[in-house]
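*Asks:* Spelled out from the first residue to the last, the chains are:
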Amino acid sequence: MARRVTRTRKWAVTIVAWVIGILIFFPILWTILTSFKTEGEAVAMPPSLLFFDWTLENYREVQQRSNYFMHFLNSVTISLGSTAIGLVIAIPAAWAMAFQPTKRTKDLLMWMLSTKMMPAVGVLVPIYLIFRDTGLLDSRLGLTIILTLIDLPIIIWMLYTYFKEIPGEILEAARMDGATLVAEIVHVLTPMAIPGIASTLLLNVILAWNEAFWTLNLTAAQAAPLTAFIASYSSPEGLFYAKLSAASTMAIAPILILGWFSQKQLVRGLTFGAVK
Amino acid sequence: MSTYHSRAAGRLMVAPSVILLFLWMIVPLGLTIYFSFLHYNLLMPGTETWTGFLNYQYFLTDPAFFTAIVNTLVIVVGVLIITIVGGVLLALLLDQPMFGQGILRILVISPFFVMPTVSALIWKNMFMNPVSGLLAFLQKSMGFQPHDWLAATPLLAIIIIVAWQWLPFATLILLTALQSLDEEQREAAEMDGAGPVSRFIYIVMPHLGRAVTVVILIQTIFLLSVFAEILVTTNGGPGTDSTNLAYLVYAQALLQYDVGGASAGGVVAVILANIVAIFLMRMIGRTLEA
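Same order as they appear, the protein sequences are chains A and B. Using numbering that gives the first Met the number 0, you'd call the opening residue of the first sequence number 0 and step up by one each time. Using numbering that gives the first Met the number 0, you'd call the opening residue of the second sequence number 0 and step up by one each time.
One or more hints might be untrue.
As the list claims (entries may be wrong) - Here's a subset of chain A near chain B, in silico, CB distances under 8 Å, partners left out:
#, residue
1, Tyr58
2, Met116
3, Val120
4, Ile193
5, Leu225
Said to hold, decoys possible - Stretch-level coverage of chain B by chain A, calculated; a stretch enters the list once three of its residues show a Cβ under 8 Å from a Cβ in chain A:
#, region
6, 23-36
7, 59-65
8, 103-111
9, 187-196
10, 244-254
To be verified - If you want the ones that stay clear, here's a sample from chain B, every Cβ over 10 Å from chain A, calculated:
#, residue
11, Leu20
12, Leu42
13, Glu182
Simulated from the structure, these hints should not be mistaken for lab results. Cβ atoms here follow ideal geometry from the backbone N, Cα and C, with glycine treated the same way.
The following block holds chain B by itself, in its conformation from the complex (with noise of 0.2 Å):
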């Protein structure tokens, strides 16, 4: 009898979060694949048609789409590789015996706290700008010609942007997962006449596995809808040059009005998360039954 209360009175417990955010996700979701059938444009309302799949077609054949495609891997792929190689070599580092560990820690973590907006515009104006950045008075001081990072290599610098927000992230995570290692199995493969080197490959590597795994799933879920940092620097130019799929989007939406582009866009990027999502769900669902 108590027991069948109490299973009831669980359900009732679980039932205002699986409603809401049952809501959240079918009503949007289900809004934009509807939207991204029609031919919708905000400045004509009214107007909207079944057009069946010519939004997709559209959208999937402007040479934009296809830029913005390569433009998200690129900004993904090269952030991951900047964090996870800095991240592991810093983890390593901060593993160490030293002096004033913890104040280091927290100098090292900082970056992360820092809301998108402002790291963007701080690194914008007062570190690459050609004139008046401290990058360009650091090359010319040294006899270079300022380079202007935001007109010549966009893409890069907000990967330089990003990976900066992200790299204290992958180094807190690798550092805690380095803090769990099994002292005593180090010392014994010490004793056993392993050199740093091979111990590193045989033991810190595999446990480190896991952690550089899970960097690497939650990274690139966020790292594949960067948004703001593109906004407030380059707005995704010069031209396309620095623009990926979640500002194409959202320049598609609330820039130029196309309901359905946009709409048959977000549909995309959702399918590409969900990719993503299903390794990432593995490796947590695996944590949970032990």
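The following block holds chain A by itself, in its conformation from the complex (with noise of 0.2 Å):
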């Protein structure tokens, strides 16, 4: 008897939680829909979800039209980019913190997150200007540099809380078998710090590539990634749901993909530890 009574319960929650789930999903969903759809059936009222003939056309417009493919490679230059740069800084920091802190290490820690928490309209006259000056203004090069110093702090904390989790007596049972500090490094805490640095990598691409403040006003037409160039589709013009639909879905599609496989990193990542 019990056992029917949660049977019934557990159908109740599937149902009634796919239900909200494809609520949620439901914007992206009609997006990718909608690429596959004529300008014409796009808005037509009312709007076919399955039937309708499903074409091709918008995602060749895109890149026909206004070279689609130059701006993801600005996104993939920009997040990778900032996100390599920001690794080889941010290495040496974390396993430094974690495995030979000092009485400032907490101190500095919560510094470097400090710097996170400060608002980017703070800094975006000053940046703006120093762009203009330097030339920095509208290049893959000075987005990159903000990308990394707006995310070093992330990956320093990332990295840290991943780094402690590395017992110390393995580094103390090496150095007692003589090992050098290279073969420590290179054959007992690599191996063991991969996967940390993986999934660092791994959310740091994400937040980058959806970065929306510098990317807007930082670049125009030459630098712009895809948040930008999505965003030159906010002026109307006649009928284009479909293209922009075809736009959207290219540029979530990647990010979206990876991010399924990084839910775990991304809590941690994101709470800076706080919750794991």
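Take the two lone chains, each set in its own frame, and fit them into one complex as the hints suggest.
*Replies:* If you want it as structure tokens, here you go:
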């Protein structure tokens, strides 16, 4: 008897949860579907959910009219570039703070975090002027530098919380066995640190890909990544829902898939280890 | 000897990060503060003069400033209410045994990975448009007059868009916290005859309290500077109806070229964010000790 109740209950929970889940996901689903419609069908009332003439025309036209691929490459360059540079700078720092903590390590970590709390508008004006005067405005290099700086605290923090979980005894044991510092890093630490580094990389690529304050303010035609490119669709020009949907689908698809793999790290990275 | 060496090595390894972050924090912020005391317009280069607190006086007495502060707070509070209440309910729901839990979880967290400009434009055009949006279609088919979201209730529209993006974040963190709840504790309470309601109030709620605080603080930091969603939907309008502090500073600097005034606004934004940051830092600092 009790068992049947829980079974019915499980079905009820499943149905309610799926209805809500699909509602939340619906705007994304609708965008993907609209991207395969013609412009006429995209605004047709009543709208058709699945029964329309599927077409790839929009994808082709988005690429032809606006050189979509260049903006896509800008996004890739900027998000991968800033994450890679960030990791190179952050790994030694996190390593030193995790394995050789001093009295000031905690204060140092907190201070690094505090730089992340600074609102971007607080420094928009000087950064804009510095960029204008040094020719970094609308350049991939300039944007990569900025994104490296704004993500550095998160990278250091994530790496620190991962490195902290590597037991220090293992290092001592390796040292007792006469391992040199280099051997220690290559043979003992690296294999244990790689999962943490990979998670950090993943989360930061996602964050950098979606960053939409600096990308909108510091780029124009040349260096604009997808966030800024999509924003150019905000001025309506006739029938454009299907093309907007095609551009949007291509912009979010890679990161959506990466994101699904990074749920766990997301919680940890975005709460700075406060929730695991 | 070796400890001395390794300590020096440690300093050397931390140094690049510290120097970079120090420069990043001090130089632009210092310039912002300096500019905020100047009469400085980009259209009139070379005419900068020291004006003391005049920019602050203008900025703080500008009616747009008061509207922007109110709008900023309305966005923060509105989104927090929706995401926390919705997030707790969703997390409790997703924590129940059900079929297809893994896939469902993926569906629910997806909006968080959609870039702000995309989600804002999707909502603006395909859902909230009074002629060809889906919401208008639903209203019409039910016999109502379609609602022009972005013209009539721009702030509400922005709150809905931003809440859709942040609901997955709150849900995911609360769900993670919920799953770390000690199952034995829950069972023990059940054995002692505690009903589902009292179990929720005395066991689940206190456990979630910490995660809720973290969600509130982190979201507040981000929500104080909502920008892209406003830029691509309403441009702060109609009038200044949907202008928040971040958008006001942007408009002052890059649309009106008033560097001094914008900088004063930037300083105000920094002060506002710092008030929240102090509480957040304390919370995170406590977890470092544990």
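*Asks:* With reference to the structure, classify each hint as holding or not holding.
*Replies:* Hint by hint, here is what the structure shows:
With 8 Å as the threshold, the beta carbon of tyrosine 58 (chain A) stays out of range of chain B, its nearest partner Cβ sitting at about 16 Å, so the hint is violated. The interface hint given for methionine 116 (chain A) holds, since its Cβ lies 4 Å from the closest Cβ of chain B, which is under the 8 Å cut-off. At about 4 Å, the closest approach between the beta carbon of valine 120 (chain A) and any beta carbon in chain B falls short of 8 Å, and the interface hint on this residue holds. The closest approach between the C-beta of isoleucine 193 (chain A) and any C-beta of chain B is roughly 19 Å, which is over the 8 Å cut-off, so the hint fails.
At about 7 Å, the closest approach between the beta carbon of leucine 225 (chain A) and any beta carbon in chain B falls short of 8 Å, and the interface hint on this residue holds. With a cut-off of 8 Å between beta carbons, the region 23-36 of chain B has 8 residues touching chain A; three or more are needed, and the interface restraint holds. With 0 residues bearing a CB less than 8 Å from a CB of chain A, the region 59-65 of chain B misses the requirement of three and the coverage assertion fails. Residue count for the region 103-111 of chain B with a Cβ under 8 Å from a Cβ of chain A: 9. That meets the three needed, and the coverage hint holds.
Against chain A, the region 187-196 of chain B contributes 0 residues with a C-beta closer than 8 Å to a partner C-beta. That does not satisfy the three-residue criterion, and the hint is violated. For the region 244-254 of chain B, the assignment as covered by chain A holds, since 6 residues bring a beta-carbon within under 8 Å of that chain's beta-carbons and 3 suffice. With a least CB separation of 5 Å from chain A, leucine 20 (chain B) falls inside the 10 Å interface cut-off, contrary to its annotation. Listed as a non-interface residue, leucine 42 (chain B) keeps its Cβ farther than 10 Å from every Cβ of chain A; the least gap is roughly 14 Å.
For glutamate 182 (chain B), the non-interface assignment is confirmed: its Cβ lies about 16 Å from the closest Cβ of chain A, beyond the 10 Å cut-off.
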